[in-house]
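Number of protein chains: 2
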Amino acid sequence: MPFRKVAIIGLGLLGGSIGLAVREHLPGVATTGYDADSEVRERARELDLAQTIADDPAEAVRGADLVVLCVPVGAMRGAAQAIAPGLSEDAIISDVGSSKQRVGKALAEELPGHHVIPAHPVAGTEQSGPDAGFASLFHQRWCIVTPPEDADAAKVAALVKFWKSLGSTVEVMDAAHHDMVLAVTSHIPHLIAYTIVGTASDLEEVTRSEVIKYSAGGFRDFTRIAASDPTMWRDVFLHNKDAVLEMMDRFQADLGSMRDAIEADDGEAMFDLFTRTRAIRRSILEQGQDDARPDFGRGHE
Amino acid sequence: MPFRKVAIIGLGLLGGSIGLAVREHLPGVATTGYDADSEVRERARELDLAQTIADDPAEAVRGADLVVLCVPVGAMRGAAQAIAPGLSEDAIISDVGSSKQRVGKALAEELPGHHVIPAHPVAGTEQSGPDAGFASLFHQRWCIVTPPEDADAAKVAALVKFWKSLGSTVEVMDAAHHDMVLAVTSHIPHLIAYTIVGTASDLEEVTRSEVIKYSAGGFRDFTRIAASDPTMWRDVFLHNKDAVLEMMDRFQADLGSMRDAIEADDGEAMFDLFTRTRAIRRSILEQGQDDARPDFGRGHE
Numbered sequence: 001m002p003f004r005k006v007a008i009i010g011l012g013l014l015g016g017s018i019g020l021a022v023r024e025h026l027p028g029v030a031t032t033g034y035d036a037d038s039e040v041r042e043r044a045r046e047l048d049l050a051q052t053i054a055d056d057p058a059e060a061v062r063g064a065d066l067v068v069l070c071v072p073v074g075a076m077r078g079a080a081q082a083i084a085p086g087l088s089e090d091a092i093i094s095d096v097g098s099s100k101q102r103v104g105k106a107l108a109e110e111l112p113g114h115h116v117i118p119a120h121p122v123a124g125t126e127q128s129g130p131d132a133g134f135a136s137l138f139h140q141r142w143c144i145v146t147p148p149e150d151a152d153a154a155k156v157a158a159l160v161k162f163w164k165s166l167g168s169t170v171e172v173m174d175a176a177h178h179d180m181v182l183a184v185t186s187h188i189p190h191l192i193a194y195t196i197v198g199t200a201s202d203l204e205e206v207t208r209s210e211v212i213k214y215s216a217g218g219f220r221d222f223t224r225i226a227a228s229d230p231t232m233w234r235d236v237f238l239h240n241k242d243a244v245l246e247m248m249d250r251f252q253a254d255l256g257s258m259r260d261a262i263e264a265d266d267g268e269a270m271f272d273l274f275t276r277t278r279a280i281r282r283s284i285l286e287q288g289q290d291d292a293r294p295d296f297g298r299g300h301e
Numbered sequence: 001m002p003f004r005k006v007a008i009i010g011l012g013l014l015g016g017s018i019g020l021a022v023r024e025h026l027p028g029v030a031t032t033g034y035d036a037d038s039e040v041r042e043r044a045r046e047l048d049l050a051q052t053i054a055d056d057p058a059e060a061v062r063g064a065d066l067v068v069l070c071v072p073v074g075a076m077r078g079a080a081q082a083i084a085p086g087l088s089e090d091a092i093i094s095d096v097g098s099s100k101q102r103v104g105k106a107l108a109e110e111l112p113g114h115h116v117i118p119a120h121p122v123a124g125t126e127q128s129g130p131d132a133g134f135a136s137l138f139h140q141r142w143c144i145v146t147p148p149e150d151a152d153a154a155k156v157a158a159l160v161k162f163w164k165s166l167g168s169t170v171e172v173m174d175a176a177h178h179d180m181v182l183a184v185t186s187h188i189p190h191l192i193a194y195t196i197v198g199t200a201s202d203l204e205e206v207t208r209s210e211v212i213k214y215s216a217g218g219f220r221d222f223t224r225i226a227a228s229d230p231t232m233w234r235d236v237f238l239h240n241k242d243a244v245l246e247m248m249d250r251f252q253a254d255l256g257s258m259r260d261a262i263e264a265d266d267g268e269a270m271f272d273l274f275t276r277t278r279a280i281r282r283s284i285l286e287q288g289q290d291d292a293r294p295d296f297g298r299g300h301e
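So the sequences go chain by chain: A and B.
Reminder that position 198 of the first sequence reads as 198 in the UniProt record's numbering, one-by-one numbering, no gaps.
Reminder that position 21 of the second sequence reads as 21 in the UniProt record's numbering, one-by-one numbering, no gaps.
No lab work stands behind these hints, which were simulated from the structure alone.
Check before you lean on any hint, since a few could be wrong.
[Said to hold, decoys possible] Calculated pairs, SDA-like style, for lysine to any residue (alpha carbon to alpha carbon, straight line, at most 20 Å):
id: 1; chain 1: B; residue 1: K105; chain 2: B; residue 2: P148
id: 2; chain 1: A; residue 1: K155; chain 2: A; residue 2: F3
id: 3; chain 1: A; residue 1: K105; chain 2: B; residue 2: D265
id: 4; chain 1: B; residue 1: K155; chain 2: B; residue 2: S165
id: 5; chain 1: A; residue 1: K241; chain 2: B; residue 2: P148
id: 6; chain 1: A; residue 1: K241; chain 2: B; residue 2: D265
id: 7; chain 1: B; residue 1: K241; chain 2: A; residue 2: F271
id: 8; chain 1: B; residue 1: K241; chain 2: A; residue 2: Q252
id: 9; chain 1: B; residue 1: K241; chain 2: A; residue 2: K105
id: 10; chain 1: B; residue 1: K241; chain 2: A; residue 2: S257
id: 11; chain 1: B; residue 1: K241; chain 2: A; residue 2: T199
id: 12; chain 1: A; residue 1: K241; chain 2: B; residue 2: F271
id: 13; chain 1: B; residue 1: K241; chain 2: A; residue 2: R259
id: 14; chain 1: B; residue 1: K241; chain 2: A; residue 2: F3
id: 15; chain 1: B; residue 1: K241; chain 2: A; residue 2: D254
id: 16; chain 1: B; residue 1: K241; chain 2: A; residue 2: A269
Please read all numbers here as calculations on a predicted model, not as lab measurements.
Construct the entire structure; sequences and hints are all you get.
Structure follows, in structure tokens:
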């Protein structure tokens, strides 16, 4: 392992999971953690999310050869400023943010001369905070690394190795392409889920109590990701605006076509789409990207 | 139990689960089954989904005091015609369809003088066919009974008792209201899921392979219900057209507002919505309508 000490800035679901995963998979690697919220730091100490929890961000990164920023993408610039005084010249500064172009730009601007290599482990749950983390979060999940063009190849390789050690499969990708891919596989699904849950809770004809009771008809699936961290997701949409708006326009156009099909009693158009979409599910299961048990393996008692 | 013999017409996920649930919860009640597909009948015999599997629909319902039609809503009228010759005068004819107004009308037209009491157990998985059923499908789930105005109160009570025996909680509701409620809690979520999975698989900038790889970012949640039975869902949209279109218009308007918020960098509007939607999730968990474990309790290995 090319790292002796990993510093984790932000100790929520992702940061905490990295701390636990390093302890499990890389027992020889030291960890330090920091969170801007003193209560989170206290809880992180109780949960032993990192070997040392520092009370100062610059102190946390001192001597670390890998620093992973695990804060909402809108807080990356501030986090970079806060750690700058303690950074080793040789350290890699990476992150786990869901949008990569603007984050990469902000980090490069705040930390000139440093090895900034953004990354995004595509993993998570709807939970947040220091109690939400677990060591196997990254197992069988993809991690996308988006190095700038002039990145040091050895540093990129070291970061790739780190994520593989935690159980991830790694893909190196251009940041702009990442932002387009994630807009469709993550950002638009979250936006749709938040929106339909909002629509359903604002209806006059259907009470909120009815929406909750009969949610097993499909609606409850959307409520899971609509329970994700509001700050994190607000920042994602603000930071990946262009790709999100582009993908949203495609989705809205397709939804309009389905509306036309329903209006015109065009059962064939519906049947065609509903048949095609089954194939995607099958591929996701074949590639181990979801639980193959019916209903996500949910309990039935 | 007010029934001695229950006939199940259609032996897919719902019909098969009813057969298994009756055997488990009502061991004194006889069951017969029928499916229009001879291969499904054969499989149903192997799986023992009902005590007797008849090769003729009228034969299947002979002597039954409860007949449950478990076919796609577009096939209800044909199923009613097929069972008519064998029906006892006193039998209740019910169903499990996801839309209730048109189904109720079709059954009443085809079976004049009979006790037609439509119902809808709000339960299911993305699987379909005779192998998909299981006895606990209805446990802790709601079943909505939508009797016509002139229904025999004792017959309604008997049907309610039947569903309670299988583990459901029962609500009696007007068919028109049912169709509005289910449009938002089930039909629109399915339509949205089918549509976004279609959008994602048709992109040129993002390959299908990328969509599959990075689906754990949220997209995979939608693929589950987008893998549901195409025939069943085509029929639902054709049969609950008005309510679906009305709810879709609300959703599209709300999505437009979110688009405006992103375009205007209005983080506050997003944060407000994303915070409100968490409360709905919490209520769904409190009322036992979803698995409270993070990520639906999905496996992480």
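Hint by hint, here is what the structure shows:
no. : hint            : in the structure
1   : B:K105 / B:P148 : holds, 9 Å
2   : A:K155 / A:F3   : holds, 10 Å
3   : A:K105 / B:D265 : holds, 19 Å
4   : B:K155 / B:S165 : holds, 15 Å
5   : A:K241 / B:P148 : violated, 51 Å
6   : A:K241 / B:D265 : holds, 9 Å
7   : B:K241 / A:F271 : holds, 15 Å
8   : B:K241 / A:Q252 : holds, 19 Å
9   : B:K241 / A:K105 : violated, 48 Å
10  : B:K241 / A:S257 : holds, 14 Å
11  : B:K241 / A:T199 : holds, 18 Å
12  : A:K241 / B:F271 : holds, 15 Å
13  : B:K241 / A:R259 : holds, 10 Å
14  : B:K241 / A:F3   : violated, 60 Å
15  : B:K241 / A:D254 : holds, 18 Å
16  : B:K241 / A:A269 : holds, 15 Å
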